[in-house]
Each structure stands twice: as structure tokens, then as C-alpha cells.
Amino acid sequence: MGPTRNRVLSVLFGVLIACIVPCRGRAQTPACNGLDAAKRALATSILQSQHPYDCCDGTIAECLAAKPVCKLARRMADQVCRLAGAGQDQATIERALARRATTMTSTSVVPIDLSRAERAGAEDAKVTLVAYVCARCPYCAKLMPRLHSAIVEGPLQGKVKAYVREFPIRNHPFSTEGGMAMVAARRLGKGWPFLLHMYKVFDRFDPAKLPDCATQYGMDRDRFAQLLQDAEVRRELLESKKEGVRNHVEATPTLFIDGRLYRADLDYDTVVDVLQEEHDRLTGNLHE
Amino acid sequence: MSRWWTILGASLVAVFGAGSAGAVDPATDEGLERAAALRARGNVRDAIKVLKDAVRRHPDDQRLRQALAMAYVEDKNVFWALKVLGEYANAHPPACEARALMAWIHLSQANLALADELSSVEGCESPPETHARLLLLRSRIAEQRGDRVQAADLAEQARRSPRLYEEDMALLEALRTRDDPGHLPLASWRVDVAVGWTSNGLAGSPVDPVDADEASGTALLSADVRLRLVVPAARTIRPVLDVQFRAIEQTDEAVRLLSYRQPALRPGVMFGGGLPRLALFYGLDAVQIEGSDRYEQGPLWYSEAHRVDYELEATDHLFAFGGGGKRTYREAGRTRWEAEQGLAVSVSLGGGHRLMSGASARWNRAQNQAYDQYGGTGIAQLLLALPWRFEGRLNAAASFDDYPASAGYFAGSEGSARTDWLVRVKPGLWTPSLSGARLGVDYDWSRRDSSAKAYSYTDHRVLLHVTWALDSDRTGVEVVPASGRERMRYGVGEAGQVGDEEMRIRDLMRQDESVKRGSSCQN
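As given, the protein sequences belong to chains Y and L, one line each in that order.
This note's numbering puts the first residue of the first sequence at 880, with every later residue one more than the last.
This note's numbering puts the first residue of the second sequence at 19, with every later residue one more than the last.
It cannot be assumed that every hint is accurate.
The calculated DSS-like cross-link candidates involving lysine-lysine, where the alpha carbons are at most 25 Å apart (straight line), are [said to hold, decoys possible]:
1. 918(Y) with 94(L)
2. 946(Y) with 67(L)
3. 1069(Y) with 1038(Y)
4. 1069(Y) with 1079(Y)
5. 1021(Y) with 1079(Y)
6. 94(L) with 946(Y)
7. 67(L) with 94(L)
8. 444(L) with 946(Y)
Worth flagging that the hints you see were computed from the coordinates, not collected in a lab.
Here the structure is a predicted model, which means the values were calculated and not measured.
Whenever a hint applies, use it, and build me the whole structure from the sequences.
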């Protein structure tokens, strides 16, 4: 009887441990709830080994279990589960976390001339986002309109202000014409709207139609057309690109958050999340 | 057991090292000490708690920050390591030490861009060891980027620094070994001066006296100076010159006349850019003894030899040597042709411990056939890495000599041919190397059992050594020891390890010569 009872107790104890141990490290965030068993196991493994880079120095899982909960831990858990849900493997997810951490812990702030740049978002927003973009960059055409929307009327409203710097990529057809149009529109006070327009008509972009399009945004057609040929505008475009090169911009879009090079994933969710994190950091709002 | 050694070592480093760094705050030292002990036990999380608390109370203490950062690195939490260093760097610009550590962490994460940013030397021109460290880091970054030319240039700039951290010097030497495996310093030397006492002054002399066990204790002074010059004439053929001077001076009147000096000169040629490497020498050596003989007042030249020798460094761990020639004594009957052949190997035992062993065989054909001789020696040296970077050395040697045509010739042989067995054991303790200098103490016990009873003896000898082994590559460079600060863990051995290895094998062979000398049958 004795050995049997011991065996039963051992099994019960094992079941208890098997339940408690994973529960402690289980991803405790909504993004993780929809994962299947394999992806959840992957996410849990990462959360139990990776650390947030601010506000809590335990593993992400430990930080989620601590009170008050470190908001960064929650954000990173969300990102882990998002990437796990997208089928990324452990190494890829850990590299993504490392790039995010590198962005946010970097102490290197580059000089960016925003004296003639046009702002989107509230003037008193704490976080400054600068994007080096090419008017003919396909991914910019996808990301920038969504970011703009998030800043002016979405989750980043009042938190982030954004500027663009022109960085025409030679391999992109009509990148110089697009860049000249960006500078010209900016000079006429319509930089953001016209950039968003060019991204909207990205697949049917025609440099010849740019002056006509300018009128849709309240710009004077002739003045706009004149600026497209203006040597000073060309010089300004060149200066912007040179500045980007000095700041190690190699591709578009390249983002800088408060002067620090953004190295994390460029998907919309991650960018917005990181910008919110930066706002939390600047306002000391680190815990839930 | 080794764990306790580690704990003791870590504690000693924390206690004494912190003191040597000039810390004045006992609370800071206490935190470092407790954390070091915890880290040594593998309890990194508790060490982090201790150090966080200490940093909270002393936020401007760079040593605490660095210790906390390294504890985080051990906990695989590099971002918090960077965070605690970054906070310090922001508050105390230019914070070159902290930036160097951050750069190293980024480099170890293959984050070259940030490592590059942080290893900027601007504002960090002094102290020179920090400047050199940043140059070295930049060299590593350039290497990672595939720019070997810039990497070599930056490493060379670092090498020219008048002061280097111990581990940085080790890294530079490892880089040189890798990039230029054939490189040898223009000059390398070893000076060993020892004072001590021997229970038997007869046992240490090149003269092998009768009634050797009639103990007469004496204080003694021993000196051994060796210099090797390698002329970098060409990569694969290089002229070499070995110069050596050995002396034993004994103070007791009964044995003072057995004091001797032995200068030696060996010009030669070295073949081979890397390994294997062969050196051929012509060797001239002579022995001068303090005493007199029937014909002349001392000191007098007792013997001289002209030899051809070779040394073959087959691998980093295998060393062969040999040679032969004619040795002329004052008494013609002992003059002989001699030859020998030996082999030495070095084996790493892990944990910084090493075993070196060697064996040699010898053959002498004398004018008086009673002195004809065959013999062999086996030697082993165990090097133990002790806490606080002390080193324990345990040497053991056994030697056998046979004089096949000496029946009835030697006193006490009772009509039979002489055979000698010599056993020697020598434990010793050595301090860490400081710019190539070490202090050491050893106890040397030796016993010879001879079939010619008058030649048997026992000797107890205690010597306090001061040694200085260095080379021209490291001359003029002040080494900053690791005690009292966080070492950079580049994954290479301690400074000078490679260079010392060869020296140690030569040391081992020197003992072989010493054993051989005791059987040389001169009287």
C-alpha cells in the first residue's frame, strides 16, 4: 500500500509542478492568448530567457509577474507573441528584440537639420520622429501614410511629432523628380499632404502630372513647376541626402527617434509601439 | 574543492585588489567583496542584488557599475549591463572605461555600429591603457568588418602604448601569434637570482666530489642570466645568438671553493617562419671554479666545450633538442666526446594547470674509459594555477647513469662498475607576474644512490628566487594588473603566456642539465 501511495503522490506532485512551472513563465499578454500550443511554447521560452532593457531587470516573464508590471515587459511580450504568431523562429525573434533594445538604449544622437522641415503632429509632442524617405520607395509608401495617420489622429496623437527628410534612392525610377517635388511642396507649406499624395498614386506616378496635382492641395501650379526646376531646390535636396549619408542612412525608410537611429523592425505595429514606449520613457510612465 | 579555491581567490581579489585600486569607501569594497564571492559561487542573481544596492548608495562609483555590468553579462542580460554603464557614461563624460566596456559588450553581440560609436578615442587620450584599449577594440571591429589592414594598423597603435591592461596585452600577443606566427622578439631574456641555504654544499657543484654525503650546510647565491637575440634578417632564415651566464657562490668556508661560474655563447641560425622551427647552433661554454688544483691557484678554468646543438620546436607543445661535441677538462683522462638527445612536451590540464615533461639520453666517451658513460633522465613539471594568480610548481626528476668500464675505479665501488640513481623533488610557490617579474620560493630535495658509496648524497635546499623574464616586444610597457577591477574577457590566456611557455620548457631542460651535471663524474 505504502509504495502505491507514494507513487500516486509522486504523480500528483509531478503534475502540480508541470502545471506551476509553465504557468509562472506563461506569456501573460493578450497578444499571446491566440497562439497555438507550439507557438505559445516558443513565446514562453523566449519570455523566460530574454530581459527588458528598462524598468525591470528580470526576465520578461518575471517582470510580467512582478507588481507593478513594467510596461516595457508587456510591450516586449506583445512583440514576441506577434512574431511567434507570424511564424518567426526563436533566433529571429531574439534578434528583433535585440535591435529594438539597441535602438532604445543607444546614446548616440545624430544632428538633423529640421529648420525647414514640415511638422506633422502636435508641436508640444514629447517624441520627435524623423524619417528619411524616398518619394519612390515602395515600403515608404506603405508605412508613412499609416504613421502619419497614427500621429495626427491615432494612438500617437499628442505624443509624437514627425518630420521627413528627403533621401532619393538612385535605383528608384523618378526618385530625383519625386524628391524635388517633396522639397517644392514643403517650400509651399504642403510637404506632408503632397508626400502622402505621391504615395497614394505611387503605382501611377507621373512626374509630368506633378504640377497639376499640386493645385489639388492649394499650391500655385506655375510656382510649383518653377520650383521643380529650381537650382536652390535641387541643392536643398542634395543637402538632405548628404545629411542622411552622414547619419549612416543606407536605405529608406530610415527612422530616427529623438535623434537615435531606429534599428528595430519596420512593421507598423512595432514602430508605433516603440514610439509609445519612448513617450512613456520621456514622461516617466514606466509601469502599469 | 576547486570551488573553494575559486571563492577564496575571488574574495582575495576583491579584498586586496580593491585596496590596490585606491578605494577609500569600505562600504563600496564590502559590496564588491560580497558580490565577488557570490559570483564565484555562480550565484549571479544575488550578486546583482548586492551590487544594485551598492550602486544605489554610490551611483558615482565606476568600479561598482562595472562589476554590476559584468554580473548582468554573466546573467545574459546585456542590455542592463549597457544600461548601468550608459547611465554612468552620461553622467561622467567621457567615461572612457565605461564606454570601452560597453563597446566590448556590443562587439560580443556583433553590434558593430554601436561598438564603433562607443569606442571612439576622442577625449580618451589618457590614461594610455584606456586609449590603447579603445584602439584595440576598434581594431577588433575593423577585423570583424573584414578590414585587416586597418585592424593591423590599430593594433599596432595599441601595441605602442606605454601602459597596457594585462588582458589587453594578452590579446595583442594572441593577435600577433595568429597574424604573424613566425614572429619572434628581437631580444628575449630571463634573469633568475636566488639566495638560500643548502644542507649539502658538495651536492651543488659541477665537481662531483668523493664523500659527497659528508654534509656541510652553506648559504648560497645563485644567478642564471639568459639572453636570446633573433635578427629578423629574413622570415625563414634568421641568425640567432644565445648568451648565458650561470653562477653559484657558496659562503661556507668548507665548500666555498666549489663555487663556480659558467659563461656560454651559442651563435646559430633559425630556419622556419612559423612552426615547426629548427635552430642550429655552435656552442661554446666553459666552467670556472673558485678552487685550486695541484698546478694552479684558483679561480681556474675547469673545463670548456665546443658543441653543435639543435633545437626543434615541432609544435606549440613539442620541443626536441640535442647535440654533441668535445668537452676538455684540466685532467686529460676526463676529456670526452659527448652527445645527447631529448624531447619535451607540454600538456594543458584545464583550469590553467599545465604539465610539462621531458626525457633525455646521453652518451660520453672519455679518454679514460672509466669515465665512459650512458645515462638518461626523466623530468616532469606540474604548473598549478592557484588563487590570486599565484602559481604552484612541482618538479620531479629521476636520472640513471652507468659507467660500464669503471669496475673498481671509483671509491666505494667495491670492485664493481659504478651506477648512479638520482631522484629529485622540488615544490615551489610563485607570485603573479608583474611586468615579467616574479618572486618564488622552492624547496629542493635530492638524493643520489651510487654503487660507488662515496658518491651517494642527500641534499635539502631552500631558495628564494627573483626572476625577470621579458622580451623586447614587451619592454617599456607597463602592465596594469587585473586585481581590483573587472577584467575584459577576451577568451585568451594571461599576458605573456605564449612567450613564457617556451621559457618554461627551457627551464625544464635546464634542470635536466643540472641533473646531468651531478652525474658528470668530475672530481
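Now the hints, each set against the structure:
1. 918(Y) with 94(L): At roughly 23 Å apart (the allowed maximum being 25 Å), residue 94(L) and residue 918(Y) satisfy the hint.
2. 946(Y) with 67(L): Distance ~18 Å between residue 946(Y) and residue 67(L) Cα, so the pair holds.
3. 1069(Y) with 1038(Y): Since the Cα atoms of residue 1069(Y) and residue 1038(Y) sit roughly 22 Å apart, the hinted pair holds (cutoff 25 Å).
4. 1069(Y) with 1079(Y): holds (15 Å)
5. 1021(Y) with 1079(Y): holds (9 Å)
6. 94(L) with 946(Y): holds (23 Å)
7. 67(L) with 94(L): holds (15 Å)
8. 444(L) with 946(Y): violated (62 Å)
Violation of the numbered hints given earlier is confined to hint 8; every other hint is satisfied by the structure.
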